[in-house]
Amino acid sequence: MTEWMLIVGMMLLTFVPRYIPFALAGKVNIPDWLSKALGFVPIAVLTIIIVQSALIRDHQVSISLQNPHLMASIIAFFVAIITRHLFLTIIVGLLSFLLMKSILF
Amino acid sequence: MKLAKSNHKPFLLGVRDTLPLVIAATPFAIVFGALAVSNGVSEWFIMSMSLFVFAGASQFIAIALLATATAFPIILLTVFIVNLRHMLYSASLMPQMTKVSQWLRAPMAFFLTDETYAVASNRAFQQPDKSGFIAYYLGSGIYMYSNWVFFTWVGMTLGKSIPDISSWGLDIAMIVAFIGIVVPILRKRADWACALSAGVGAVLTYDWPHQTGLLFSSFIAISVGLLISFIDKKEKPND
Chain P
1 MTEWMLIVGM MLLTFVPRYI PFALAGKVNI PDWLSKALGF VPIAVLTIII VQSALIRDHQ
61 VSISLQNPHL MASIIAFFVA IITRHLFLTI IVGLLSFLLM KSILF
Chain V
1 MKLAKSNHKP FLLGVRDTLP LVIAATPFAI VFGALAVSNG VSEWFIMSMS LFVFAGASQF
61 IAIALLATAT AFPIILLTVF IVNLRHMLYS ASLMPQMTKV SQWLRAPMAF FLTDETYAVA
121 SNRAFQQPDK SGFIAYYLGS GIYMYSNWVF FTWVGMTLGK SIPDISSWGL DIAMIVAFIG
181 IVVPILRKRA DWACALSAGV GAVLTYDWPH QTGLLFSSFI AISVGLLISF IDKKEKPND
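Listed in order, the protein sequences are those of chains P and V. Using the numbering used here, you'd call the opening residue of the first sequence number 1 and step up by one each time. Using the numbering used here, you'd call the opening residue of the second sequence number 1 and step up by one each time.
Don't read these hints as lab results, they were simulated from the structure. Computed from a predicted model, the values in this text were never measured in an experiment. Don't take each hint at face value.
Below, a list of computed lysine-lysine pairs in the DSS-like style, where the Cα atoms sit at most 27 Å apart [claimed, not checked]:
1. V:K9 with V:K130
2. P:K36 with V:K9
3. P:K27 with V:K99
4. P:K27 with V:K130
5. P:K36 with V:K233
6. V:K188 with P:K36
7. V:K188 with V:K160
8. V:K9 with V:K99
9. V:K130 with V:K160
10. V:K188 with V:K130
11. V:K188 with P:K101
Example chain V residues on the side facing chain P (calculated, C-beta under 7 Å, incomplete) [what the hints assert, rightly or not]:
12. M47
13. S58
14. I74
15. F80
16. A124
17. T157
18. D171
19. G180
20. P209
21. T212
Even glycine gets a Cβ: it sits at the ideal position worked out from N, Cα and C.
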């Protein structure tokens, strides 16, 4: 499979799920359980990406104060719980990452 | 119905309401461009993704998977799974779309992002009479789109002039942004159960080949969330 086929594939797989309900507007209803399952998708997938990116460094699990990605993620997690504010979470997370890196290296 | 006459106004309202979300998305676009270039992804491929795919999370996942030499079909499957939530978005906007002509529904679907969904569904809730909805939606979507494409290019340019940018750990921006998106949507017990299973699954399956662990863990976590939500619904039918 060449790269341009990957682009076309990504384009279709991004576009088609968005388009189908619009195209069918007013004609069909999604079953309740499926709509519930879809609602869990962002939580499941994004959490896996977060945990793997923060915890797995250089192909192994790194639970350590020396892991700035993990420390900044934990701080960002608490900021997000307290404030529920996306922009603030990003800013505090980035600042604590920079701080941690400048202390460690 | 007054049509063309007042269509510029809802368009500009859509732009205005999307401004804070556009500001928040800008570092994403820069980091995407810079990270992709430092991961060795070719420039036409990076720009094509922002121009034709236009889906932040999917694009990040694609370059992360490309960097680990993941098989293309697995990348496509992951992109598809990540995009399923947009199906829910568009399903929830179906009542607004019943009177929209079919040829307009395709571009509107293309412009459907988390940000545009957030402002468009808010507008639909506050103004159920649907007047100006299309223009409002397109204002929001086109603004997000042009900003995303432009700052992808900016990030790509920065990434090229600062070659060791990948060692800066810029993926932290994506991590904390995802934290900022996920945590506020964790409301019920089932949401937390889903996130917790996803986290445990992520650690247990991280070394599975071709990111199959991601797909397997998502499936388990979604099932756990669904199960807990049905149990809780039985106990509290009003919820």
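We went through each hint and held it up to the structure:
| no. | hint | result |
| --- | --- | --- |
| 1 | V:K9 with V:K130 | holds (14 Å) |
| 2 | P:K36 with V:K9 | violated (36 Å) |
| 3 | P:K27 with V:K99 | holds (12 Å) |
| 4 | P:K27 with V:K130 | holds (18 Å) |
| 5 | P:K36 with V:K233 | holds (12 Å) |
| 6 | V:K188 with P:K36 | holds (13 Å) |
| 7 | V:K188 with V:K160 | violated (44 Å) |
| 8 | V:K9 with V:K99 | holds (20 Å) |
| 9 | V:K130 with V:K160 | violated (46 Å) |
| 10 | V:K188 with V:K130 | violated (32 Å) |
| 11 | V:K188 with P:K101 | violated (35 Å) |
| 12 | M47 | violated (10 Å) |
| 13 | S58 | holds (6 Å) |
| 14 | I74 | violated (11 Å) |
| 15 | F80 | holds (4 Å) |
| 16 | A124 | violated (13 Å) |
| 17 | T157 | violated (21 Å) |
| 18 | D171 | holds (6 Å) |
| 19 | G180 | holds (3 Å) |
| 20 | P209 | violated (13 Å) |
| 21 | T212 | violated (12 Å) |
Hint violations for this structure: numbers 2, 7, 9, 10, 11, 12, 14, 16, 17, 20 and 21, all remaining hints satisfied.
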